[in-house]
Each structure stands twice: as structure tokens, then as C-alpha cells.
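Q: Chains A and B, in that order, give the protein sequences. Counting along the first sequence from 1, when you hit position 193 you're at 192 in numbering that gives the first Met the number 0, and nothing is skipped either side. Counting along the second sequence from 1, when you hit position 123 you're at 122 in numbering that gives the first Met the number 0, and nothing is skipped either side.
Hint data in this document are derived by calculation from the structure and do not stem from the laboratory. Small disclaimer: the values here were computed from a predicted structure and weren't measured. For every residue, glycine included, the Cβ atom is placed at its ideal position computed from N, Cα and C. Accuracy of the hints is not assured; some may be wrong.
What the simulated footprint calls covered on chain A by chain B, stretch by stretch (three residues with Cβ under 8 Å from a Cβ of chain B suffice, anywhere in the stretch; the number is not a length) [to be verified]:
(1) 63-69
(2) 120-126
(3) 134-146
(4) 228-236
(5) 250-263
In the DSS-like style, the derived pairs of lysine-lysine whose C-alpha atoms are separated by at most 30 Å in a straight line are [as the list claims (entries may be wrong)]:
(6) B:Lys92 - B:Lys285
(7) B:Lys338 - B:Lys412
(8) B:Lys428 - A:Lys50
(9) B:Lys92 - B:Lys379
(10) A:Lys139 - B:Lys224
(11) B:Lys379 - B:Lys412
(12) B:Lys211 - B:Lys285
(13) B:Lys224 - B:Lys379
(14) B:Lys338 - B:Lys285
(15) A:Lys139 - B:Lys338
(16) B:Lys224 - B:Lys211
(17) B:Lys221 - A:Lys139
(18) B:Lys211 - B:Lys279
(19) B:Lys417 - B:Lys379
(20) B:Lys412 - B:Lys221
(21) B:Lys379 - A:Lys57
(22) B:Lys92 - B:Lys211
(23) A:Lys139 - B:Lys285
Each chain is listed here by its residues.
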Amino acid sequence: MTKKLSLTPYFFLIPALLVIAVFVLYPIVAVVYYSFTDYNISTPPEWVGLKNYQQLMKDPIFWQALSHSLIYLIVTPTLIFLSILLAIVVNRKLPGIHAFRALFFIPAISGSIAVGIAWRLMLDTNGIINGTLLSLGILKEPIQWLAEPAYTLPIAMMLTTWLGVGYYMMVFLAGLQNIPEELYDAALIDGCNVWQKHRHVSIPGLRPQITFVAVISSLAALQVFNEIFTLTGGLGGILNSGVTIVFYLWRQAFRLNHAGFASAIAMVLLVITLAFSIMNIRILERGTEAD
Amino acid sequence: MRTRLFALLIMVSILLSGCAQPTTQVPAEPVKETVVVTVEVPGEVQVTTVVEEVLVTPTPGPNPEAVIEGVEQNAEITFWTFWLSPTFDDYIKSTIARFQEAYPGVTVNWEDHQATFQDDLRNAFAAGNAPDVINLSISEGWVSDYATQGLLLPLDDVVPQSAIDMYFPNLWDQQLVDGTHYQFPWYQGIQVNLVNRQIYDQTGLTIEDFPKTVDGLPALCKTIKEVTGTLCDIRLTVNDLLAQMTYEGGVQVINADGTAFTFDSPEAVAWLQLYVNMVKDGTVDKTVLVTDQDRVGLDLFTTGQAAFYNTGPNLIREVRANNPGLYGYLAVVPAPVGKSGVVGKGLMAISVKADTAFPNASIALSQFFTNPRSMLEFSKIVAIYPSTPASYDDPFFSAAPVAIEDSAKPYAKDAVSKLADIVPTVPHKADVNEIVLQAIQQALFNNVDPQQALSDAVASANALLP
Chain A
0 MTKKLSLTPY FFLIPALLVI AVFVLYPIVA VVYYSFTDYN ISTPPEWVGL
50 KNYQQLMKDP IFWQALSHSL IYLIVTPTLI FLSILLAIVV NRKLPGIHAF
100 RALFFIPAIS GSIAVGIAWR LMLDTNGIIN GTLLSLGILK EPIQWLAEPA
150 YTLPIAMMLT TWLGVGYYMM VFLAGLQNIP EELYDAALID GCNVWQKHRH
200 VSIPGLRPQI TFVAVISSLA ALQVFNEIFT LTGGLGGILN SGVTIVFYLW
250 RQAFRLNHAG FASAIAMVLL VITLAFSIMN IRILERGTEA D
Chain B
0 MRTRLFALLI MVSILLSGCA QPTTQVPAEP VKETVVVTVE VPGEVQVTTV
50 VEEVLVTPTP GPNPEAVIEG VEQNAEITFW TFWLSPTFDD YIKSTIARFQ
100 EAYPGVTVNW EDHQATFQDD LRNAFAAGNA PDVINLSISE GWVSDYATQG
150 LLLPLDDVVP QSAIDMYFPN LWDQQLVDGT HYQFPWYQGI QVNLVNRQIY
200 DQTGLTIEDF PKTVDGLPAL CKTIKEVTGT LCDIRLTVND LLAQMTYEGG
250 VQVINADGTA FTFDSPEAVA WLQLYVNMVK DGTVDKTVLV TDQDRVGLDL
300 FTTGQAAFYN TGPNLIREVR ANNPGLYGYL AVVPAPVGKS GVVGKGLMAI
350 SVKADTAFPN ASIALSQFFT NPRSMLEFSK IVAIYPSTPA SYDDPFFSAA
400 PVAIEDSAKP YAKDAVSKLA DIVPTVPHKA DVNEIVLQAI QQALFNNVDP
450 QQALSDAVAS ANALLP
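Given the sequences, and given the hints that come with them, work out the whole structure.
A: Right under this line is the structure:
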């Protein structure tokens, strides 16, 4: 009787465990296996041992892609800074403030592909950005923004920031509204100015949200794909200037049919993101403890 | 005498009914017919002719569109098309309905796949549930890609000669793998240049002045840039650069026995130099030049920002739908020809998967969709061109063009009959193409000498060969 009762909770867990096993565990195990094979998706994989990993280490485009992905992490502090700033700005009782909040949130609910295409058209040689800069006399000749290798990554990063800032603003806004008003009153009595008030009350109060946004946005930055794909028309930028690790994975898996090699890239990405997340959480938790 | 006559009539009826194919019957109503029978009675000199009116049920004749025999009873097959829904839903559904009249008992499950077609298909093959009948692109080289992996059904021993003879021989013979056929040629496109006369006419050139050869494009782009300030909307076929080299530059990309790549020849260097010069002159849109998506170039043209764009007349509908204001200023000219003298290869094909459970039904559907009648009906709703010469006998093709989409109709039969796949089978094609793409970018955008870039690429590509 006792034994039967102790098993009951596990029966309740079975449906969830099955879903996790099929949709999480099996794909991970499969990718680990494929990374040791020569696999083109259409025909059965062939075991090649460590060949994919050896090839990866010698592949200059992989290292270029990895460096681009690491550079892309700049969007994380940018997003945190801009989102907190915006959250502070909209965290006040003004007429029409809800409209402003909604306006800032619109990019977050827009499809990144549609936004990417729209930005591509704006950045086109005859697009609105060149048109504006030419009419203001800032440019003498239109610039092919997306055809200049030096601009590809910064433009994609700008787009990611633009897409994410509204969403993270809402996260910080919720955090700000949870900070007790008494703390601000106390800060005012202590003689804090506006900057000091936020420096000593808002920022420490937002630390859980900052941890969350730092982890989530840096993972998203490491896995960026849509922005690169749409802005570069599927090429990854001239001279691979916009190729990130996930874009390179996609190119190997779905354009060149090297699913085995792409799985090896996925494994490397998994290790990096895992390490990065642990490091991120540890650093921010240490900061919380210090406070 | 009457008994003999009655027996003879019954025999004739049985014989006639025996000739009919059970799968191809059409509904029949009893009609009154005059039957004339000549009876020779052995042993008698006299010949008797009897004329009598009787009520008979005519024996159903064979459906002329049912040309494949041995179609499996109660077959259920899946058919995947590439980017045809929802625009052509009515056409596809009505053709399937006609197919099911010709081959009763066959069930066809149709699915249309679009941007993810290739991914979906590869995944379906991996999962063992690939469609029986597949719409594959000839121009992208999909037929040879899948055929070399052993995933498509060889057609040589299973398609009757009468069915093969329906197609232009040049189209039937495309993308052979080791001399074996794997595709039914479907709808074809004729490469044309859509010209935006709002921009083009500012140059003072006439439509007749548009270059007839690829060599003429740099000068035209220079003029357009100088006069109008706009850049040329020219796209390299980055998914198959070896093919573009072959057609435009007359380049032999691999030696005759397939043991070494040769795309660093003087012809190849000259071909690449042409594009390098245009980039250096700043006369082409660099983003479009190396995009792998035709839509990027088409979008630029459709928004009215380019003087011309190389595409098929079937995509004029995109311009009309998205920018009706530009539609009125469109002109169509034949696409410039390269040094090979061949305009290009075919567009779309239908293939059957190798391990289908219903090979005959699948072949029948493939053949049915590509037969002269189906092709003609498709041509009437969109500017595509049949792979079957008989379709062009219809007055639709001899009528004078009215809409701009129809501009290529008068010379379509001739143009389609000259399409040819002249690119040899290339081992590790996708990898070699990627190597070439990287090399070409180095030459176009990184000041690497074209000869050096191509020689390095050849060395890398040769390393892939056994």
C-alpha cells in the first residue's frame, strides 16, 4: 500500500517527462551523435569520429563567425542601459504615458523577419536613410550600407537592440514599480539628486531583473540569426562580414547539407552558451551578495 | 441464319468491350446505331449483307490522357509542389480531378511547400515519409542533387516511348545522372529582362538598343549610372555559380574525365573580370549582386529603383500586384546571351521518389501534370511555357500578345526548344559552389586578382576529389 502511494507522483510526472524526453533529451542526444557523423539529412549518417571537430578547429570562417558572435554580445549592456533608461522615463504618471509605453513595445511584438526586411529597404541605396542624409547634405553619394562589410554587424546589432529594447523596458518597468516608494523618500531626505536616487535605489532594486535580462539577452545575442539572414539576403554579409555562429550553423546544415558538421558547431555553441550563462549568473549573484 | 447473325453481334460486342481499358472508361449512354454486317456463309457462293437498326450501348473509349498502364488499384499518393499555392489552387485541384477521372481509384494528396521546401523535403526523406511525386527545380539543380543520392526513381524503363515523345527532347534529356533520366519536364520559363522605362528611357537608348549579349551589360550600367544615378540590379546565381560561368563565360568547369576542376581558365577569369569591373565602377547594387534570393533583386526592381532585372515573365504578376504604377512602364526584352550561345536551362520538373509504394500511379500523375493539355491550361493562367511542343499548336500561342506578360509568347516555342542543361555533373557540387562563391567575393570586394582567386578556388575544389 505504502509502495503504491510513493509511486503515484511519478505517474503524474510521466506526461511531462515524455514530452521532455521526446522534444528535449532526444534532440540533444541526436545532435551529439550526429556531430560524430557525416550526415546530409537525406541519407543515413556515417560515423567519422572526431573529424568534424578537427575540421572545425581548422576552419577560418568558424573562427570568424565565433568572433562575430562574441562581438554581438555588445548588445546586452546596450540593451540593459537603454531599457532601464526608457523604463525610468516612462515610469511616471503623465497624460498619455500608456501610449508611449505601447509605442516603445511595438517592435517587440513585430516579427523580426518583417522588421528585417523593412530595415533592409530603409538601408537600401535609394532608401529613406540615404535619402534623408543626402537631403540634409551629410552625404554626397548614397552608401550601400548593407554591402559594406564594416557596417553589416553594427547594423544587425542596432536592429536587435531596436527590437528588444521595448520588451526589456517592460521588464524593468515592472521591477521599478515593485521598489517601495519609501526608499525614494528616504533617499530624498538624505539629499540625493535624481541621478543619485536611481544610482542608489533603482539600480540595486532592479538587480534581479538585470540578471534576468543579462542572461536572456546574451543568450539571444549568441544565437542571433533572423536579423543577419534578412538584412543580408541570406548571404551572411559580403566577405562573411555578418556571419555569426548560428548563421554559419544554418549555412552548413541547410545550404551545404553538412548536418554532421553543423551538429559539431551546435555542440561548441552549447558549451559556450552554457559556460556563458553560468558565468553571467555567478557574477551577478556575487554582486547581489555584496549589496 | 438469324441465330448466326445474333451470335456474330454478341461476339463483336464482346470484342469491343474487351478492347476498352477498365481504368480509362468514360460514362456511356445507350444510343441507336445502324449496324452493317457482311456474312459469308461457307459452302455457299452467295454473300448476304444484312442491314439492321439495333439499340446498343457504345463501349467506352480510352481516355486519351491515360497513357500509363498498370496503375495500382486504390493507390494513394502524395504530391508536393513548390510555391504554387494559393495562386494556382484552382488549377492544381482541377488537374488532379481530371487525373482521377482518367485513372479512377487513385487518391492524390497535394501539399504546397514554399520557402522551406528544400528543408521540408530533406527532412521528409530522412523521416521516410517523402512525397511520392515531387516538383523539383531544374534551374537550381535539385533533380541531379536528389538523383545522385539515389532518392529518385529512374524513368527510362518505366515510361513508354509515346509519353517521352510528348516532350521537347532537349528538356527530357536534362539533368541526366549517369545517362539515366529522372524527371518529367514541367513548366518552363524564358529568361527576359524587365525594363523600367521610367529610368531606362532617360538614357536616350531605345529598347532595341538593349544588349543582346552579356558583354554589353557593363557599358549599359555605366550609362544608366551616369545619367540616372541608379545602380544596375544584376544578380549572380550564387547557388550555382558554376552554371553561370558555363552559360555566360563559356567556361569548361571540370575536365572531360571529371578528375580536375578547370574553372580558372582564361575564359573563367574574363567572365569574373567583367563583374569585378562593374563593382569597381560602382555601377551595380552589391547587395543584390551576391544575394541568394531572387526576391531581393525582384523587390528592388518592383519598388521602381532599378532600370532592368533579369527574371521570368511569370513574375511580372509580382510587379503588377505590388506596384501597379510601374506596370504601365514595363517593357520586356530577351535576356542577353553569354559566350556559350545557350540561353539557359529548364525551369521546373516533376520526379518520383525511388521507393514509392505506387510507382505507376506516381509516374501517371507526373506525366499527367506535364502532358500537353495540362501544360496548355497552366500557360493560359500564368506566363509559363509548356515543355510539350503540341501545346503550342493551340491558337493561344499564335494570338498576338496583348498584355506585357505575353510578350514572349510569339517566340516561346523556339526559345523553349533551345533550352539546354550544358553544365556537366559536378562532384560535391554544393561544396565547390561555396568555394567559388568565397573566391568570387574575394575578387569582387577584397581586391584579390581574379586569376589568383579562381586558381586558389580550383586548388581547394580539387582537394575534394578522390
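Q: Are the Cα atoms of Lys221 of chain B and Lys139 of chain A separated by 30 Å or less?
A: Holds, at roughly 19 Å.
Q: Could you grab the alpha-carbon distance between Lys92 of chain B and Lys379 of chain B and see if it respects the 30 Å cut-off?
A: holds (16 Å)
Q: Assess, step by step, whether the Cα of Lys139 of chain A is no farther than 30 Å from the Cα of Lys285 of chain B, and give holds or violated.
A: Roughly 19 Å between the alpha carbons, so the hint for Lys139 of chain A and Lys285 of chain B holds.
Q: Within a Cα-Cα threshold of 30 Å, do Lys92 of chain B and Lys285 of chain B meet the stated pairing?
A: With Cα atoms ~41 Å apart, Lys92 of chain B and Lys285 of chain B exceed 30 Å; violated.
Q: Is the hinted pair Lys224 of chain B and Lys379 of chain B satisfied, with a Cα-Cα distance of at most 30 Å?
A: It is violated: about 38 Å lies between the C-alpha atoms, which goes past 30 Å.
Q: Between the alpha carbons of Lys417 of chain B and Lys379 of chain B, is the straight-line distance 30 Å or under?
A: holds (22 Å)
Q: For Lys379 of chain B and Lys412 of chain B, compute the direct alpha-carbon distance and say whether it is at most 30 Å.
A: Judged against 30 Å, a Cα distance of about 15 Å means the pair holds.
Q: Would you check the hint for Lys428 of chain B and Lys50 of chain A, treating anything up to 30 Å between C-alpha atoms as holding?
A: Holds, at roughly 21 Å.
Q: Does Lys224 of chain B sit within 30 Å of Lys139 of chain A, going by the straight-line distance between their CA atoms?
A: holds (15 Å)
Q: Are three or more residues of the segment 228-236 of chain A within 8 Å, CB to CB, of chain B?
A: Answer holds; 4 residues pass the 8 Å Cβ test.
Q: Please check whether the segment 120-126 of chain A has three or more residues whose CB lies within less than 8 Å of a CB on chain B.
A: n = 4 at 8 Å, threshold three: holds.
Q: Take a quick look at whether Lys412 of chain B and Lys221 of chain B sit within 30 Å of each other, Cα to Cα.
A: violated (34 Å)
Taken one by one, the earlier hints fail for this structure at numbers 1, 6, 13, 15, 20, 21, 22, listed in ascending order.
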